[in-house]
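Student: Chain by chain, the residues run as shown.
There are 2 protein chains.
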Amino acid sequence: MNRLLADLRIVEFSAFVAAPLGGMTMAQFGAEVIRIDPIGGAIDFNRWPVTGDGASLYWAGLNKAKRSVALALDKPEGRDLARAIATAPGAGGGIVLSNLPPLPGLDYASLKAARDDVILLRLTGNRDGSAAVDYTVNAASGFPLVTGNSGAGGAPVNHVLPAWDIAAGLYLATGLLAAERHRARTGGGQEVTAALSDVMLAAVGHLGYVGDVQINGHARPAIGNDLYGSFGRDFATADGRRIIVIALTPRQWRGLGRATGLGDKLALIGEMFEVDLETETGRYEARDAIAALLGRWCAARTMDEIAARFAGTGVLWGPFQDFVELVASDPRCSAANPLFSAVDQPGIGTYLMPGLPLDFGAVPREPTRPAPRLGEHTEEVLSSVLGLSSTEIGRLHAAGIAASPVSP
Amino acid sequence: MNRLLADLRIVEFSAFVAAPLGGMTMAQFGAEVIRIDPIGGAIDFNRWPVTGDGASLYWAGLNKAKRSVALALDKPEGRDLARAIATAPGAGGGIVLSNLPPLPGLDYASLKAARDDVILLRLTGNRDGSAAVDYTVNAASGFPLVTGNSGAGGAPVNHVLPAWDIAAGLYLATGLLAAERHRARTGGGQEVTAALSDVMLAAVGHLGYVGDVQINGHARPAIGNDLYGSFGRDFATADGRRIIVIALTPRQWRGLGRATGLGDKLALIGEMFEVDLETETGRYEARDAIAALLGRWCAARTMDEIAARFAGTGVLWGPFQDFVELVASDPRCSAANPLFSAVDQPGIGTYLMPGLPLDFGAVPREPTRPAPRLGEHTEEVLSSVLGLSSTEIGRLHAAGIAASPVSP
Chain A
0 MNRLLADLRI
10 VEFSAFVAAP
20 LGGMTMAQFG
30 AEVIRIDPIG
40 GAIDFNRWPV
50 TGDGASLYWA
60 GLNKAKRSVA
70 LALDKPEGRD
80 LARAIATAPG
90 AGGGIVLSNL
100 PPLPGLDYAS
110 LKAARDDVIL
120 LRLTGNRDGS
130 AAVDYTVNAA
140 SGFPLVTGNS
150 GAGGAPVNHV
160 LPAWDIAAGL
170 YLATGLLAAE
180 RHRARTGGGQ
190 EVTAALSDVM
200 LAAVGHLGYV
210 GDVQINGHAR
220 PAIGNDLYGS
230 FGRDFATADG
240 RRIIVIALTP
250 RQWRGLGRAT
260 GLGDKLALIG
270 EMFEVDLETE
280 TGRYEARDAI
290 AALLGRWCAA
300 RTMDEIAARF
310 AGTGVLWGPF
320 QDFVELVASD
330 PRCSAANPLF
340 SAVDQPGIGT
350 YLMPGLPLDF
360 GAVPREPTRP
370 APRLGEHTEE
380 VLSSVLGLSS
390 TEIGRLHAAG
400 IAASPVSP
Chain B
0 MNRLLADLRI
10 VEFSAFVAAP
20 LGGMTMAQFG
30 AEVIRIDPIG
40 GAIDFNRWPV
50 TGDGASLYWA
60 GLNKAKRSVA
70 LALDKPEGRD
80 LARAIATAPG
90 AGGGIVLSNL
100 PPLPGLDYAS
110 LKAARDDVIL
120 LRLTGNRDGS
130 AAVDYTVNAA
140 SGFPLVTGNS
150 GAGGAPVNHV
160 LPAWDIAAGL
170 YLATGLLAAE
180 RHRARTGGGQ
190 EVTAALSDVM
200 LAAVGHLGYV
210 GDVQINGHAR
220 PAIGNDLYGS
230 FGRDFATADG
240 RRIIVIALTP
250 RQWRGLGRAT
260 GLGDKLALIG
270 EMFEVDLETE
280 TGRYEARDAI
290 AALLGRWCAA
300 RTMDEIAARF
310 AGTGVLWGPF
320 QDFVELVASD
330 PRCSAANPLF
340 SAVDQPGIGT
350 YLMPGLPLDF
360 GAVPREPTRP
370 APRLGEHTEE
380 VLSSVLGLSS
390 TEIGRLHAAG
400 IAASPVSP
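First to last, the sequence lines map onto chains A and B.
Each step along the first sequence adds one to the number in numbering that gives the first Met the number 0, with nothing skipped, and position 182 is 181.
Each step along the second sequence adds one to the number in numbering that gives the first Met the number 0, with nothing skipped, and position 230 is 229.
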């Protein structure tokens, strides 16, 4: 959290990861981010992981530091209120972020009619508006067929991290700032659109895989945990742990030879395979032989012994750890890391919540703020942003157009 | 490509994915992005995938639309020139992006001494400055032990997409725009730092996995390609293809029952397992039975038959395809998609290159531009940015301080 964007107000109609992450990123920059949900919550309100009581750790995680307004978006009056909030006056207002199909009255034309300089950022599945989600986009990407030892004829292996959604959310954040910069200079708003499948296609292209097919006529194979075109592999230790060892640079490669005492034997592999192990291509070609030698070395030592041998040597390596080990024993995942704050999340309890993974020298980092309860700011926003009276706000609640949390 | 940030000049000292992607994103917004490399190229200059001649499709992919300057960064005179370019006057200049350890004279203090309002964005491996790369950060993240069917005691499965690097690059782009906005308003520059491991930790936290351990005392298991907490799985078709079928919403779930004609049988599964299949939790609990029924249905039909049955039904699904299939037969990965331009990349050939996966209503999309040849803009930048004479530029080349491509 910081206050760099404290003069902006962003209204979000969203679900799941991409737009919520984009909006939360703005909220962690200090922007006022108002997520407007249907009464009862959007489709992601109970998304796993959940607590024993069914409270969503996922929803809390992706909506930190936002304000929550609950309105009957299935009724024209509820949508009119939503549009009024989204297009309320103010130099930093009139910015809308969504990854849901636009509801009547909340499309770009309607928003622009209410505020001429509105900025609407809208993520769709595909460019033509058809549905696609991280899972289907990933299936199309080519990556699941080169993950693990899937490969030709094998079964695909999906990623678990919703990487396309995360990239899309951060592209939305970037696009929002570029569009707001344009508006600040020219006065003009605009609709900004992105498709989740284009986010995937851009990454596949940027990493060279489209060119690989079009220029070389082939694609990289599935090679397990090996590092394509260089040296990297996972190894088992004597005490049943797993580590990854990487040698991207000549310095890392030489460090590995020195730290393990295997330098002379590794050099023999270069001779045997007639490759230059100082090059990434050479190490890739001889990777199985290198791994055989290193694997025996690792298997004879515990994780602690390996850590001691590698310390200060320039070897690039690290342990595999599961989520429990990460949280329980990695000092980076603790309150000692300024990224994290212990936050009391209403309905869930106190746990470590990350802020923005960016530190700005000119503005202090502030503690992470929790996610709102659903509708927590309905009354406040109707009053402060729209200037409605408490009588009118009461009527909207009684009529089922607006909702606030039942318990305080 | 567009021209939204055409008034900015960004100087990049970088390698691999994260900072190059952040810089390229700015270049695709029209910013002048000058990547300064050591003579002969940085450590990523030959990174795979490569062509038969060894030209890197990866380097070309991550440095599109940039200008390239090659200087002897191992010599004080080369670093002095680099600092002068990075801190040259101009309202949109003085922005530096790096994911490499700072060289002497190119750290924040030196840059600030040359230009008081400089903005330096710097990505490190870990917050303490120690080395970490996507592979080691991923090993620590917990994800490889819940990917595929790894799990307890099993072998980890690494992602192939460098997802942490991509997220870090896009965080850098967002941070750059936030810092530039701050400078435009206050006149003040700053150092902005991020750690790749913090990018990972933020995502693990945002998705609820830190809370899952701290609040629930456990972590999600490895469940192959199943969708955690809802229904989604891959299936084989009669013609040897694979598809993914997802039912996140009640609408998608009902559509699946109708499109397959299995609605009544799926309802029996709800009774058998005593769960409400209209809920995500219910579908997750009964997922193996649902998948058994759907799996038999898919295995009896070809991909084309399934596509015909699912068309227009609201079923969320998609084929798995490898990189070759993606490029050869997915219309989204073709010149019909405005995301792509056929670009002649010097030293490689003509192939489809993606632009920015964001479309801005107020500014036109421009064709993607190729990556530079290494040092292609050395002379031009020394002349236009630093105002050096051709005599002086000739001397720098002769002295091995600056380099330009040998062939035109």
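Hint data in this document are derived by calculation from the structure and do not stem from the laboratory.
Mixed in with the good hints there might be a few duds.
Footprint (simulated), chain B over chain A, 3 or more residues, beta carbon under 8 Å [claimed, not checked]: (1) 225–231; (2) 234–247; (3) 323–334.
Derived list of chain B stretches under chain A, where covered just means 3 residues or more per stretch with a C-beta under 8 Å from a C-beta of chain A [to be verified]: (4) 42–50; (5) 254–264.
All values reported here derive from a predicted model rather than from experimental measurement.
Just so it is clear, CB atoms sit at the ideal spot from N, CA and C, and this is done for glycine as well.
Student: Going through the numbered hints above, which ones does this structure break? Give me the numbers in ascending order.
Tutor: 5
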